Amino acid sequence: MKLHFLKSKEKRNLIEELEKIYGITELPYLLLETGKQKIRGFSGHLSKEEIVQLTRLTNVEIIGAYLINKKDEEARISFDAIQLFKEKITKNIIEINNQQLQLWLRGYDLEIRAPRGIIILKHQEDFVGIGKSNTEKIFNYVPKERKLKTKIS
Amino acid sequence: MRYEMKPLFKQRMETLLPDKEDFEKYNKIIHIGPESFIRCNTIKIPIEKLLSKLKKKWNVVQPFSNYPEIMLVNQNLEPGELGNSLEHTLGYYYIQEISSMLPPLALDPKPNELILDLCASPGSKTSQIAMYMQNQGTIIANDLNIGRIKILSTNLEKCGVTNAIITRKDAIGLCASLSKSTFPKFDKILVDAPCSGEGTLRSSPKTFLMWNPKLIKKFSRQQKTFVAFALKCLKKGGTLVYSTCTHAPEENEEVVDFALKNFPVKIEKISLPLKTRQGITSWNNKSYHNDVKHSCRIYPQDNNSEGFFVAKMTLLEEVK
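Residue numbers (the working numbering), protein chains in the order written: chain A, 1 to 153; chain B, 1 to 320.
Extracted from the complex, chain A is given alone in its bound form (with noise of 0.2 Å):
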């Protein structure tokens, strides 16, 4: 596995980005870039050296969890990541009702008026999930293998 730390300076702008976004001041993660410009995060207490020295011995597949996409031109978290910032999301929040949710839930795009750019969607209490709005729908972005597959009832 090719490591690809995030220097101090490349994660103080993506928390830049992510705070012009999201709210999100703080990424207390030790931060790396993968292939497809995906930010993994880990949160282990495992030193850089010594993680280098793990992939020297064994197939290293993956380190941490996935939390941001760098690939568009927003920095977009992904939809688990949703959860683990949920405290610190202040900005692009959109309420949903059930019924959409219903909807989002099996990937669906939704009708809803938004300003342009990523919004975060909210249900209740909870953060139900990530899309891009182009004012006139919100793209969902729930990753296929998580979208459910029952029939709203």
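Bear in mind the hints are in silico, worked out from the structure with no lab data behind them.
Some hints could be false.
Simulated pairs of lysine to any residue, SDA-like, Cα-Cα distance not exceeding 20 Å [what the hints assert, rightly or not]: (1) A:Lys147 <-> B:Ile95; (2) A:Lys137 <-> A:Glu111; (3) B:Lys55 <-> A:Gln124; (4) A:Lys86 <-> B:Gln136.
Fair warning: this is a prediction, and the values are worked out from it, not measured in the lab.
Fit chain B to the given chain A structure using the hints.
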């Protein structure tokens, strides 16, 4: 379709359960599906919050006061109902059979420890360990097969586990590489070994058909090697928990006996939230070390669970 025990399997289980009534209870319960246990994933949600959400739709109870994260959905459910809830999609709980939660309880992980989960996929126990570690310290979660690694990675991701490093190597090769290097020794190791799966008949009735005495011998050899190599990676005073989901003594007590007779280990008594029975000290004309009795056998008829085996050992001197 109802499967039956193969004659030799039945004979072995009758030897393990000599009381006729006890055996009949066993033979009855293995044909009934398991109960619907879930584990609150405290990495993502506090226990009380999840409980309050789930109680709005299901009859949920917490059977063990010392382990409030363990919940039982005490009602009939539609197929897939547990897996299709909003709370499951968001990773608020993990569907996990109660007996499979026992090895991490025996391991008793603490934040800031370095823990090796040698045969980690599908990740039920790894995510449980990470939860008890509060995503601090480090877990090295290893498995061999790339398909199983993907399942492991998906499950850890879903549970919000950020303190794990997933490695792909055969267990022996990994331990050999680690022990020969200057990589830190582990505080704790879980060897939840591949096994013949006799304890999983309730959730996986095909085990009735797949059961094969040759496999038991093969697994037993492999399990002993796993434990032997794992012990080389453990620090002095460290803990190794050995577990299987089978009743076969060759894969359980015989492996613990092997560890006791070949390594400086001590078998610890374990307190678990289920009724357990002592490890047996003889089988098929073989006598095991007396301390093997501190191991725990979990039978389905005792707790309305799956079958399991758990043993906890402390390493008294570092193994070179």
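Status of the hints after comparison with the structure:
1. Proposed proximity of lysine 147 (chain A) and isoleucine 95 (chain B) is supported: the alpha carbons are some 17 Å apart, at most 20 Å.
2. Among the hinted pairs, lysine 137 (chain A) with glutamate 111 (chain A) is consistent with the structure: their alpha-carbon atoms are about 4 Å apart, no more than 20 Å.
3. Proximity of lysine 55 (chain B) to glutamine 124 (chain A) is assessed by CA-CA distance (about 16 Å); at most 20 Å being required, the pair is judged to hold.
4. Note on lysine 86 (chain A) and glutamine 136 (chain B): the hinted pairing holds, with a Cα-Cα distance of about 19 Å set against a maximum of 20 Å.
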